[in-house]
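Number of protein chains: 2
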Amino acid sequence: MSNGKAQGGSAEKSQPIGVFDSGIGGLTVVSALRTLLPNESIYYLGDTARLPYGGKSASTVQRYSLEIAAMLLEENAKTVVVACNTASAVALSQLIESVPVPVTGVILPGARAAIAATRSGQVGVIGTRATINSGAYERALRSLDSEIRVTARACPLLVPLIEEGWLERPITDQIIMQYVGPLVDEGIDTLVLGCTHYPLLRKAIARLLGDTITLVDSAQNCASAVRDLLIRENLRAPEANTGSLQVALTDPPDSFLRVAREALQLDVGEVQLRQVTPHTHL
Amino acid sequence: MSNGKAQGGSAEKSQPIGVFDSGIGGLTVVSALRTLLPNESIYYLGDTARLPYGGKSASTVQRYSLEIAAMLLEENAKTVVVACNTASAVALSQLIESVPVPVTGVILPGARAAIAATRSGQVGVIGTRATINSGAYERALRSLDSEIRVTARACPLLVPLIEEGWLERPITDQIIMQYVGPLVDEGIDTLVLGCTHYPLLRKAIARLLGDTITLVDSAQNCASAVRDLLIRENLRAPEANTGSLQVALTDPPDSFLRVAREALQLDVGEVQLRQVTPHTHL
Numbered sequence: 040m041s042n043g044k045a046q047g048g049s050a051e052k053s054q055p056i057g058v059f060d061s062g063i064g065g066l067t068v069v070s071a072l073r074t075l076l077p078n079e080s081i082y083y084l085g086d087t088a089r090l091p092y093g094g095k096s097a098s099t100v101q102r103y104s105l106e107i108a109a110m111l112l113e114e115n116a117k118t119v120v121v122a123c124n125t126a127s128a129v130a131l132s133q134l135i136e137s138v139p140v141p142v143t144g145v146i147l148p149g150a151r152a153a154i155a156a157t158r159s160g161q162v163g164v165i166g167t168r169a170t171i172n173s174g175a176y177e178r179a180l181r182s183l184d185s186e187i188r189v190t191a192r193a194c195p196l197l198v199p200l201i202e203e204g205w206l207e208r209p210i211t212d213q214i215i216m217q218y219v220g221p222l223v224d225e226g227i228d229t230l231v232l233g234c235t236h237y238p239l240l241r242k243a244i245a246r247l248l249g250d251t252i253t254l255v256d257s258a259q260n261c262a263s264a265v266r267d268l269l270i271r272e273n274l275r276a277p278e279a280n281t282g283s284l285q286v287a288l289t290d291p292p293d294s295f296l297r298v299a300r301e302a303l304q305l306d307v308g309e310v311q312l313r314q315v316t317p318h319t320h321l
Numbered sequence: 040m041s042n043g044k045a046q047g048g049s050a051e052k053s054q055p056i057g058v059f060d061s062g063i064g065g066l067t068v069v070s071a072l073r074t075l076l077p078n079e080s081i082y083y084l085g086d087t088a089r090l091p092y093g094g095k096s097a098s099t100v101q102r103y104s105l106e107i108a109a110m111l112l113e114e115n116a117k118t119v120v121v122a123c124n125t126a127s128a129v130a131l132s133q134l135i136e137s138v139p140v141p142v143t144g145v146i147l148p149g150a151r152a153a154i155a156a157t158r159s160g161q162v163g164v165i166g167t168r169a170t171i172n173s174g175a176y177e178r179a180l181r182s183l184d185s186e187i188r189v190t191a192r193a194c195p196l197l198v199p200l201i202e203e204g205w206l207e208r209p210i211t212d213q214i215i216m217q218y219v220g221p222l223v224d225e226g227i228d229t230l231v232l233g234c235t236h237y238p239l240l241r242k243a244i245a246r247l248l249g250d251t252i253t254l255v256d257s258a259q260n261c262a263s264a265v266r267d268l269l270i271r272e273n274l275r276a277p278e279a280n281t282g283s284l285q286v287a288l289t290d291p292p293d294s295f296l297r298v299a300r301e302a303l304q305l306d307v308g309e310v311q312l313r314q315v316t317p318h319t320h321l
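Those sequence lines, one after another, are chains H and E.
Note that the first sequence ends on residue 321 in our numbering; no numbers are left out.
Note that the second sequence ends on residue 321 in our numbering; no numbers are left out.
A few of these clues could be false.
What the hints assert, rightly or not - Partner residues aside, some chain E positions facing chain H, computed with beta carbon under 10 angstroms:
| no. | residue |
| --- | --- |
| 1 | A88 |
| 2 | R89 |
| 3 | S96 |
| 4 | T99 |
| 5 | Y103 |
| 6 | A109 |
| 7 | L112 |
| 8 | Q133 |
| 9 | I210 |
| 10 | Q213 |
| 11 | K242 |
Hint data in this document are derived by calculation from the structure and do not stem from the laboratory.
Glycine is no exception: its CB is placed at the ideal position from the N, C-alpha and C atoms.
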């Protein structure tokens, strides 16, 4: 999760946390970071010109992730947060190797929280095709507890449903149950929401699954991991700082930004438009 | 639809028809072309590394379309077919201006067929957000008949449903009716399937709407327009030719290629992998 290359000088401390995602879903991580670390500034970059990453090949997602991380370094990011399960699942080791500041993904924090939550040892994971096919959650969960039993399921329709703003509709409930029902039948007691979009469906999923299944939200746990990292690496912004948020996208925002803004009650201010420059990658 | 720049020499006649789409949906146009023009060779390029185009801005779709068209010209395409409603809706005039061979989109052929089909003069159009927001179908329909009444609706969930392979499920029926029901209530007698993916849902849509509403399939009508163009420009391949099909994608194919292959009964052979080279655009 960290490569420990940061220096922790006073200049670095005031630099922003760089956060990226394929699109706007990573704002769930930003929302958690803003609540937990109000005095930190955040520069968020969503690669909306090439989203989604979730159905694409590992090599393409790796190339895109390195290009976007390079753009965050141009913004003086003191640390890079991969607020995208797909990029965390397939590109984290390349990012850690290439990026000269500490890098945090969402997979290991989510796996840790799932291990802490499960009583039965049977954990479910839902995510995009690329995340599930990578087996990254299984590996992370088994590295923490070799006895754990994992059932994973790709749910490619959930992101488009969320982006359509259909958060509380009977059709959405039906699709959730088509995907998650088989996991429930297998006896999971913990479900990892392995995509940064999914916290926007948290209420619907919780209502459908009832109290016996604990939902683990990668956004929340990733934010805690970033806080721990900043303390460990002596990179926390001064207490007196007022954190700011700058959101940049590679394609102008569509209606989903409104959905996310309302659901997260996040003040994203004016959105910057950036074009990816393919030759600047690390 | 055509810029009439082709020469029609005998060398050109054996060159392939270049077809592109944001992904694999444009294979519905290829399938129609193969049936109508079996002696023509086709080079198909799907920009799967950056799909979908349907939710992205006009300027980004224009840039992508020019890059992909340049790659088709490198393959000696004698004509370029924009087998993507979104690219046809927002980038056709730029393509016609920049590409030195005739260019055919899907919008005008679809509009012509809708005008021919409607009795009531009330036409519905469904498509991606970018296609519907562009107003391209309204403009094309009204240029052919200024009295026509058009109701258009963006259906962003249909493409993901098709790509998931859920072509014949109760949930798919419900989502279709949420989108199309209001158009039916307005009294349309003709519905334009304004996205190259949608012919894969034709059976379900026809079953739900019944016999009184005519479905206009942009794939079929685009193929007829290409045939007319080749005859007009003296670009038809010799009768004795056996047409071939080469499919190239910018990201390795996922499970949707199997869905399309089966639904279209199309022999796509071995898929070539091509990387977009952003600096070669026209």
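These are the hints, each one checked on the structure:
1. A88: holds (5 angstroms)
2. R89: OK, holds: R89/E within 10 angstroms of chain H, min 5 angstroms.
3. S96: holds (5 angstroms)
4. T99: It holds, given that the least Cβ distance between T99/E and chain H is near 5 angstroms, below 10 angstroms.
5. Y103: Holds: closest Cβ of chain H sits about 9 angstroms from Y103/E, inside 10 angstroms.
6. A109: Nearest chain H Cβ about 15 angstroms off; hint violated.
7. L112: violated (21 angstroms)
8. Q133: At about 17 angstroms, which exceeds the 10 angstroms cut-off, the nearest Cβ of chain H leaves the hint on Q133/E violated.
9. I210: holds (6 angstroms)
10. Q213: Hint on Q213/E: holds, closest Cβ of chain H at ~6 angstroms, below 10 angstroms.
11. K242: For K242/E, the interface hint is violated, since the closest Cβ of chain H sits about 20 angstroms away, which is over 10 angstroms.
In summary, the numbered hints that this structure violates are 6, 7, 8 and 11.
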